[in-house]
Amino acid sequence: MSMNEPPAGAPGLFGAWFAALRAWSGLRFVQLQPAAEAMKGFLLKPLLIPRDRVLAPVLPAKSRSGAALMLVIAIMTFLAGLTAGAVHLVADASRDWSRAIAREMTIQVRPAPGRNLEADVASAADLARRQRVIEEVRVMDRREGEKLLEPWLGTGLDLGDLPVPRLIVLRLANGPAPDLAGLRKALAERVPNAILDDHKLWLSRLKAMADTLVGIGLLILTLVLVATALAVAFATRGAMAGTAQIIDVLYLVGAEDSYIARQFQGHFLRLGLKGGAAGALAASAFFLLAGLIFGRGARGTALEQVEALFGRFTLPFWGYLSVLVIGVLVAVVTGVVSRVTVYRTLRGMEQAQ
Amino acid sequence: MANFAERDEGNLPLWPELAEPDLVRFENVGLRYGIGPEILRDIDFSIPAQSFQFLTGPSGSGKTTLMKLVMQTLKPTRGRVTLFGENVSQHSQAELARLRRKIGIVFQDFRLLDHLTTYENVALPLLVQGREEASYRAEVIELLRWVGLGDRMHVPPVILSGGEKQRAAIARALIGQPALLLADEPTGNVDPGLARRLLRLFIELNKSGTAVVIATHDLALMDMIDARRLVLAEGQLHVYE
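Going down the list, the sequences are from chains A and B. The numbering used here puts the first residue of the first sequence at 138, with every later residue one more than the last. The numbering used here puts the first residue of the second sequence at 107, with every later residue one more than the last.
Please note that a few of the clues may not be correct.
Said to hold, decoys possible - Interface residues of chain A toward chain B, partial, derived using beta-carbon atoms under 8 Å:
1) PRO197
2) ILE383
3) VAL386
4) TYR388
5) ALA392
6) GLU393
7) ASP394
Claimed, not checked - One side only, chain B facing chain A, incomplete, derived with CB under 7 Å:
8) ARG206
9) ARG217
10) HIS221
11) LEU230
12) PRO231
13) VAL234
It should be emphasised that the hints constitute simulated quantities derived from the structure, not laboratory data. This one's a predicted model, so the numbers in the text were calculated from it and none came from an experiment. Heads up, the beta-carbon is just placed ideally off N, CA and C, and yes, glycines get one too.
Bound-form chain A, shown alone (with noise of 0.2 Å):
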């Protein structure tokens, strides 16, 4: 056999090939001899076997199943990085609707039977301009208010015989909370006919939906690691079932249980590193996509709704991490419950005999 030279006749360029990649991987090329006389008149293929010194791994490195079990992690931890991704930009959304929110009040002063509704807005404005972290108080004059109802009532109404109530814009100035009972308490006194609404019932719903959204999101996270989990168990005892003959070579050689597990994890922990990894690049990939686009501007009525929930649709940092660490977590449960369950397998083939 003739090692580490590139086989008889090969052009230049391929020469020039086989010395980068022997270089590059450390790896030596074989080309065998016929063996047998059944071999006769075919030459092998060369061989690419390991340099002596990196020994083959004790269990097959390929099999159909390790392919499938594959491509099962790799659409688990897309699956769970896209949930991941998901709950931030909901998450991210909802903190966003929330400071906005809580960075607003309104006062609202409805028409009353022999009340000014003029000289009580003005009083209303008045009251809640001499508040100190009130920077900005916006009236808002008839026809604005009488637009905001057009989406339930329609254009082209006639409103004016309808008491429609007036609002009163309030942006709160980063600081210390407004005295809101002060003003309530001042607003009852002088405008009995005025309400002061803190938009806390709306922003207790947000929180409740951005909780409820997150919850789910963990939810099926967990029932992602679970299914992973199952899946790699029953490709372990499968891979067990298949290699019976490697592993009863191997007890009777005097490998222990844990030089056994060993093999397996390490065989499912690659697995499991190539599918989270295939995974969470898709998930990226994804929402890298997802960004560009909506970054471009969205086109279109679903994309415009897609965009008004989520807002720019841009994972923050934190959220392609996550997507990271979702892949990792998916290999190592696949390494750990590869584990325990060849030693749970080995104890019950020891229990049987």
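Using the hints, position chain B against chain A.
Using the frame of chain A, we list chain B on its own:
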């Protein structure tokens, strides 16, 4: 009982039984599967150090099962098994693995791992012990040359002929320098000429101090040398000196 080790009679210990305890001792051992009848019963025998013996009996008499009991990959349902002076009935898997490393075993169907090279197959017992390859590489190559596979060490077993596979399997059994070599029908898949050569190889090993037990029903092979015979018949073991 034949002993092929070249010993200096003057150096023999006064109490050999005490100086060299039996490698294997079975006392009143029985084995049954589930609630079925006992397939092996009242097995009493021992394998002294440096001894050479045949284990024989008709097909299906339990020769391989008895070897599995020796290797403790099967547990007896009754009786006591002592390996290297240790009662193994309560031994953990790790303790059994430690004892198995003192035993080499060769199978009729070789049981080489097809995805490994011949070199890696032979090195397997040392690999599972966690030894660094650098510490045993020269030993493995030397042993492979000794069994005539020096030029076949980097090919997978599927490339090897039957005789080469058997020699690789023997090399794997010997690489750990076992005190006891068990060979289960080692000549079952080879021609008579190779069978004789393999027997000579086992005799050489025995001369170097390894106890050898060959399971076979090849009468011609057993007639070639005068050795103790353990005969299994109808679940019982009969010893013929």
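Results for each hint:
1. At its closest, the beta carbon of PRO197(A) sits 4 Å from a beta carbon of chain B; the interface hint therefore holds under the 8 Å criterion.
2. For ILE383(A), the interface hint holds, the least distance from its beta-carbon to any beta-carbon of chain B being 6 Å, beneath 8 Å.
3. Taking 8 Å as the C-beta cut-off, the interface hint given for VAL386(A) holds, the closest approach to chain B being about 5 Å.
4. Nearest Cβ of chain B to the Cβ of TYR388(A): about 6 Å, under the 8 Å cut. The hint holds.
5. For ALA392(A), the suggested interface contact is upheld, since its CB lies about 4 Å from the closest CB of chain B, less than 8 Å.
6. Here the hint on GLU393(A) is kept, as its CB sits about 4 Å from the closest CB of chain B, short of 8 Å.
7. Contact between ASP394(A) and chain B, as hinted, is supported at the beta carbon level, the nearest pair being about 5 Å apart and thus within 8 Å.
8. Hint status for ARG206(B): holds, given a least beta-carbon distance of 5 Å to chain A, under 7 Å.
9. Proximity of ARG217(B) to chain A holds as hinted, the smallest CB-CB distance being about 5 Å (cut-off 7 Å).
10. For the restraint placing HIS221(B) at the interface with chain A, the shortest Cβ-Cβ distance is roughly 4 Å, inside the 7 Å limit, so the hint holds.
11. Against a cut-off of 7 Å between C-beta atoms, the interface hint on LEU230(B) holds, since the closest Cβ of chain A lies about 5 Å away.
12. Interface hint at PRO231(B): satisfied, since its Cβ lies 4 Å from the closest Cβ of chain A, which is below the 7 Å cut-off.
13. Taking 7 Å as the C-beta cut-off, the interface hint given for VAL234(B) holds, the closest approach to chain A being about 4 Å.
When each numbered hint is compared with the structure, no violation occurs for any of them.
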